[in-house]
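Trainee: Chain by chain, the residues:
There are 2 protein chains.
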Amino acid sequence: MFPEALSRLIAEFKKLPSVGMKSAMRYAYCVLEMSDEEAEDFADSILEVRKKIHICPLCGDYTEGEVCERCQTADKSTILVVGEPKDILAIEKLGTYDGLYHALHGLLDFRKGIGADKIRIKELLSRLDGVKEVIIATNPDISGEMTAHYIAGLIKPMGIKVTRLAHGIPMGSEIEYADEMTLSHALSDRKEL
Amino acid sequence: MFPEALSRLIAEFKKLPSVGMKSAMRYAYCVLEMSDEEAEDFADSILEVRKKIHICPLCGDYTEGEVCERCQTADKSTILVVGEPKDILAIEKLGTYDGLYHALHGLLDFRKGIGADKIRIKELLSRLDGVKEVIIATNPDISGEMTAHYIAGLIKPMGIKVTRLAHGIPMGSEIEYADEMTLSHALSDRKEL
Numbered sequence: 305m306f307p308e309a310l311s312r313l314i315a316e317f318k319k320l321p322s323v324g325m326k327s328a329m330r331y332a333y334c335v336l337e338m339s340d341e342e343a344e345d346f347a348d349s350i351l352e353v354r355k356k357i358h359i360c361p362l363c364g365d366y367t368e369g370e371v372c373e374r375c376q377t378a379d380k381s382t383i384l385v386v387g388e389p390k391d392i393l394a395i396e397k398l399g400t401y402d403g404l405y406h407a408l409h410g411l412l413d414f415r416k417g418i419g420a421d422k423i424r425i426k427e428l429l430s431r432l433d434g435v436k437e438v439i440i441a442t443n444p445d446i447s448g449e450m451t452a453h454y455i456a457g458l459i460k461p462m463g464i465k466v467t468r469l470a471h472g473i474p475m476g477s478e479i480e481y482a483d484e485m486t487l488s489h490a491l492s493d494r495k496e497l
Numbered sequence: 305m306f307p308e309a310l311s312r313l314i315a316e317f318k319k320l321p322s323v324g325m326k327s328a329m330r331y332a333y334c335v336l337e338m339s340d341e342e343a344e345d346f347a348d349s350i351l352e353v354r355k356k357i358h359i360c361p362l363c364g365d366y367t368e369g370e371v372c373e374r375c376q377t378a379d380k381s382t383i384l385v386v387g388e389p390k391d392i393l394a395i396e397k398l399g400t401y402d403g404l405y406h407a408l409h410g411l412l413d414f415r416k417g418i419g420a421d422k423i424r425i426k427e428l429l430s431r432l433d434g435v436k437e438v439i440i441a442t443n444p445d446i447s448g449e450m451t452a453h454y455i456a457g458l459i460k461p462m463g464i465k466v467t468r469l470a471h472g473i474p475m476g477s478e479i480e481y482a483d484e485m486t487l488s489h490a491l492s493d494r495k496e497l
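These protein sequences, in sequence, are chains A and B. Under my numbering, the residue at position 79 of the first sequence is numbered 383, and the numbers go up by one with no gaps. Under my numbering, the residue at position 28 of the second sequence is numbered 332, and the numbers go up by one with no gaps.
It cannot be assumed that every hint is accurate.
Pulled from the structure, derived: some chain A residues nowhere near chain B, Cβ distances all over 12 Å [said to hold, decoys possible]:
{"id": "1", "residue": "Asp402"}
{"id": "2", "residue": "Gly419"}
{"id": "3", "residue": "Tyr454"}
{"id": "4", "residue": "Ser477"}
{"id": "5", "residue": "Leu487"}
Coverage of chain A stretches by chain B, computed from C-beta distances (three or more under 8 Å per stretch; other residues unrestricted) [what the hints assert, rightly or not]:
{"id": "6", "segment": "348-360"}
{"id": "7", "segment": "365-375"}
Bear in mind the hints are in silico, worked out from the structure with no lab data behind them. Note that the Cβ used here is the ideal one computed from N, Cα and C, for glycine as well.
Take the sequences, apply the hints, and build the full model.
Mentor: Encoded structure:
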């Protein structure tokens, strides 16, 4: 139905997260309607991001420099641990945390054979000099919980405080509709008013 | 907040239709997580589509060949006229039309200075040899209606039948919620049962 090169571009767009056939087709037609210069800029920006951006050897976030700026300037007494670099962004947006980050690039998942050696836990352990608190902010699912407890088990014996983000009823939602796990966390982690 | 190359890629994704900041960021992170080969394939598919695909000199649809296959094999007694190549796709999907198409690559819009010489009307007139019916399928808005009437005014005097897609209440909708223009079309174009 489509010329081959167009089919191929549509297939490439479909690999992006949550992009179905309809969006992929719209994006591909948009590329066809671009000027030559615009299309070259687009293709070039994909190659450029791969060439220039790499993973900071300390925190694991994406950076253009050798070591990322945050690792050089942040308060070094706290490390906040996340699964993926994109999770750092969500915390950064708050604008209230000024410590270090550490992206594990994955979470433990023994069913999939992802053990501690497959994610950046060794790198985390090598950064603990002078650190007073490790805040674990992995996703609240089985892998995230397992990873949080695994890391806590390694770090707490070193005398470093290990905390994790509070789980509970999300703001603006209704208790009636909260799932059992969330409600159970909210109850056991209750705070005095 | 983002390294420069990443900001640039996000900005490129935001140029695609209906892509906001959040989707653009997810797409960009997806590119960062690709293998080198996948990223190169993606960039290459953008350049390839521009290199290989061009506009068929007859119908104006996108094609890889010199003249598109449809212009060579379709029933040549009918031409269906659309605004953009992507509109051809919607009709093709029905699988019931086997005539020629003609993409105008634009619609008349005198406020924006888009006159008859800016869209592929001349090319349409040069294709009418042996054509018995011209079906106009421009969008049902001011520009689409104006273009439809302009083309009809040129072609009807040649003794060629000019029709346009029926406007009316869309299937599955409710008369109560139809807008005035649609309802007025549906009434005046009523069919005998």
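Trainee: For aspartate 402/A, is the shortest beta carbon distance to chain B beyond 12 Å?
Mentor: Since the minimum Cβ distance to chain B is about 14 Å, aspartate 402/A lies beyond 12 Å and the statement holds.
Trainee: Against chain B, does glycine 419/A hold up as non-interface, every C-beta pair farther apart than 12 Å?
Mentor: holds, 20 Å
Trainee: Please confirm whether serine 477/A is truly not at the interface, meaning its C-beta sits more than 12 Å away from all C-beta atoms of chain B.
Mentor: Since the minimum Cβ distance to chain B is about 20 Å, serine 477/A lies beyond 12 Å and the statement holds.
Trainee: Would tyrosine 454/A pass as off the interface with chain B, using Cβ distances and a cut of 12 Å?
Mentor: Its Cβ never comes within 12 Å of chain B, the nearest being 23 Å, so this holds.
Trainee: For leucine 487/A, is the shortest CB-to-CB distance to chain B above 12 Å, so the non-interface label stands?
Mentor: holds, 29 Å
Trainee: Tell me if chain B covers the segment 348-360 of chain A under the three-residue, 8 Å CB rule, please?
Mentor: holds (count 10)
Trainee: Taking a Cβ-to-Cβ distance below 8 Å as contact, does the segment 365-375 of chain A have at least three residues touching chain B?
Mentor: holds (count 3)
The structure is consistent with each of the numbered hints, conforming to all of them.
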